[in-house]
Amino acid sequence: MSHRLPSPLPLFDRNLLRIVEKVVPREEREEWSRAWKAELWHMHHCGSHRRTSIAGITADFSIGLTRDALWLRTDSWRRAFSGTAIVCLAPLFGLLLLSTLMALALNGSWHLLGMYLRDPFERFLLEAPLVFVTFTAASRRHIEQSSASRMMCWIKRQVFFTSKTSLTSLLAFMLSVDICWPIHAHFPIIAELFQTLFFVIFTLIGLRWVFWDQEQRCKHCLRSLAMPARVGRPSHNLLEWNGTELICKHGHGLLSVPEMETSWCQSSQWIDQIDAWGETAGV
Amino acid sequence: MSNPRLSHSAALILKALSLGYCFGFDVMEVTGLPSGTVYPALRRLERDGFVESKWEPEKEAVANQRPARRYYEVTREGRAAALAATERYPLLARLVPEKHS
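As they're listed, the protein sequences go chains A and B.
All residue numbers for the first sequence refer to our numbering, where the first residue is 1 and numbers rise by one.
All residue numbers for the second sequence refer to our numbering, where the first residue is 1 and numbers rise by one.
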């Protein structure tokens, strides 16, 4: 639908709108353009700004419409990426890069860094699987699935989990190496001991977060689950289920986390809702 | 909704809207804030449910020989937030005069 202005806008305004509207997400572009054309028209014809220069007002509005367009773009990115796997992995990768650069700065060159890291990295290759296996055996909570999981979703989940675990372990390793660098020159054996100790502690903390984060994600789209709601009454524990329910904002499913592990409700349960939606649509 | 905490600019804009200034340009003029602050703040307030935006009826605008504008209305949550903001920033009420239509 076209909305004509009673009189055309100046050439500068029209060109600016044409350029900046490319920044606005496609689905919001038409409305944004219409709103700004109207605002600019009113600025030129109805404002009480005559006491200030028109150039100043035009510059102010140019900044305003550009910031408005940028806000819409960043907000659409926020909505698109909020809680996704990428948003989880990117900061981990960034921190890993930062800790590597710190180690590089402390050692002075890539060659010296390589020499410094050789022995600790060999230990890391042995220690990391041991810590992982021990932690997994000791604390992994099983999640029951209400329906057969799709193969692609399962692969996606495993790839994400592996990437997250690897990045967390490497980050723990680099942090432990950075922390122990100052004492390494004077007390190499103590430094190695402390490095191993710090690595194990950081990895255990990291793995705890990795498993918690994995549990709190949708099994289909891997987005963080939202809107936790308490269900049931703790005082009626013997009579009914009580715990917390979280949902996927995209309607893929629901996770029920029991407050207490009982003989009849030992683990969290993922309830798939995709099939239910399909059946509803079929009806 | 929990008690929302607004920035001074957002509170000023919300106050202006609650006093009857409905359009972005009007809000700019009465608050003296630059457009780069007013328009993104209006978007944020709308996203947070403090204001609602609607288009002016086309017929009304055509009759007045001007294009239809997007106007903003304060919601119930917005009114509560404006009240809380006035308590938090007592000078706010003096900064924006009531609109005389």
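Bear in mind the hints are in silico, worked out from the structure with no lab data behind them.
These figures come from a predicted structure and were not determined experimentally.
Heads up, the beta-carbon is just placed ideally off N, CA and C, and yes, glycines get one too.
Please note that the accuracy of each hint is not assured.
Each pair of labels, with its calculated beta carbon distance range [as the list claims (entries may be wrong)]:
id, chain 1, residue 1, chain 2, residue 2, range
1, A, Asn15, B, Lys99, 30 to 36 Å
2, B, Lys99, A, Glu240, 52 to 58 Å
3, A, Asp213, B, Glu52, 35 to 41 Å
4, B, Ala80, A, Thr244, 26 to 32 Å
5, B, Thr86, A, Thr162, 30 to 36 Å
Below are the SDA-like pairs computed for lysine to any residue, each with C-alpha atoms no more than 25 Å apart in a straight line [to be verified]:
id, chain 1, residue 1, chain 2, residue 2
6, A, Lys22, B, Lys99
7, B, Lys54, A, Glu31
8, A, Lys22, B, Arg43
9, A, Lys37, B, Glu58
10, B, Lys54, A, Thr74
11, B, Lys54, A, Trp41
12, A, Lys22, B, Glu46
13, B, Lys54, A, Ile63
14, B, Lys59, A, Trp32
15, A, Lys37, B, Glu77
16, A, Lys37, B, Glu73
17, A, Lys22, A, Ile57
18, B, Lys54, A, Lys156
19, A, Lys156, B, Pro57
20, A, Lys37, B, Arg70
21, B, Lys54, A, Arg73
22, A, Lys156, A, Trp209
23, B, Lys54, A, Arg14
24, B, Lys99, A, Lys156
25, A, Lys249, B, Glu77
Hints and how they fare:
1. A:Asn15 with B:Lys99: 30 to 36 Å: With a Cβ separation near 34 Å, asparagine 15 of chain A and lysine 99 of chain B satisfy 30 to 36 Å, so the hint holds.
2. B:Lys99 with A:Glu240: 52 to 58 Å: With Cβ atoms ~56 Å apart, the hint holds.
3. A:Asp213 with B:Glu52: 35 to 41 Å: holds (36 Å)
4. B:Ala80 with A:Thr244: 26 to 32 Å: holds (29 Å)
5. B:Thr86 with A:Thr162: 30 to 36 Å: violated (53 Å)
6. A:Lys22 with B:Lys99: Distance of about 36 Å is beyond 25 Å: violated.
7. B:Lys54 with A:Glu31: holds (11 Å)
8. A:Lys22 with B:Arg43: Judged against 25 Å, a Cα distance of about 18 Å means the pair holds.
9. A:Lys37 with B:Glu58: Status holds; Cα separation ~14 Å.
10. B:Lys54 with A:Thr74: Holds, at roughly 23 Å.
11. B:Lys54 with A:Trp41: Judged against 25 Å, a Cα distance of about 18 Å means the pair holds.
12. A:Lys22 with B:Glu46: holds (23 Å)
13. B:Lys54 with A:Ile63: Given that 25 Å is the threshold and the Cα spacing comes to 24 Å, the pair holds.
14. B:Lys59 with A:Trp32: This hinted pair holds, its Cα atoms lying about 20 Å apart.
15. A:Lys37 with B:Glu77: violated (30 Å)
16. A:Lys37 with B:Glu73: holds (20 Å)
17. A:Lys22 with A:Ile57: holds (23 Å)
18. B:Lys54 with A:Lys156: violated (42 Å)
19. A:Lys156 with B:Pro57: Answer violated: lysine 156 of chain A to proline 57 of chain B is near 49 Å, above 25 Å.
20. A:Lys37 with B:Arg70: This hinted pair holds, its Cα atoms lying about 11 Å apart.
21. B:Lys54 with A:Arg73: Holds. Lysine 54 of chain B to arginine 73 of chain A sits at ~21 Å (cutoff 25 Å).
22. A:Lys156 with A:Trp209: holds (19 Å)
23. B:Lys54 with A:Arg14: With Cα atoms ~24 Å apart, lysine 54 of chain B and arginine 14 of chain A stay inside 25 Å; holds.
24. B:Lys99 with A:Lys156: violated (57 Å)
25. A:Lys249 with B:Glu77: holds (23 Å)
Comparing the model with each earlier hint shows violations of hints 5, 6, 15, 18, 19, 24; every other hint is respected.
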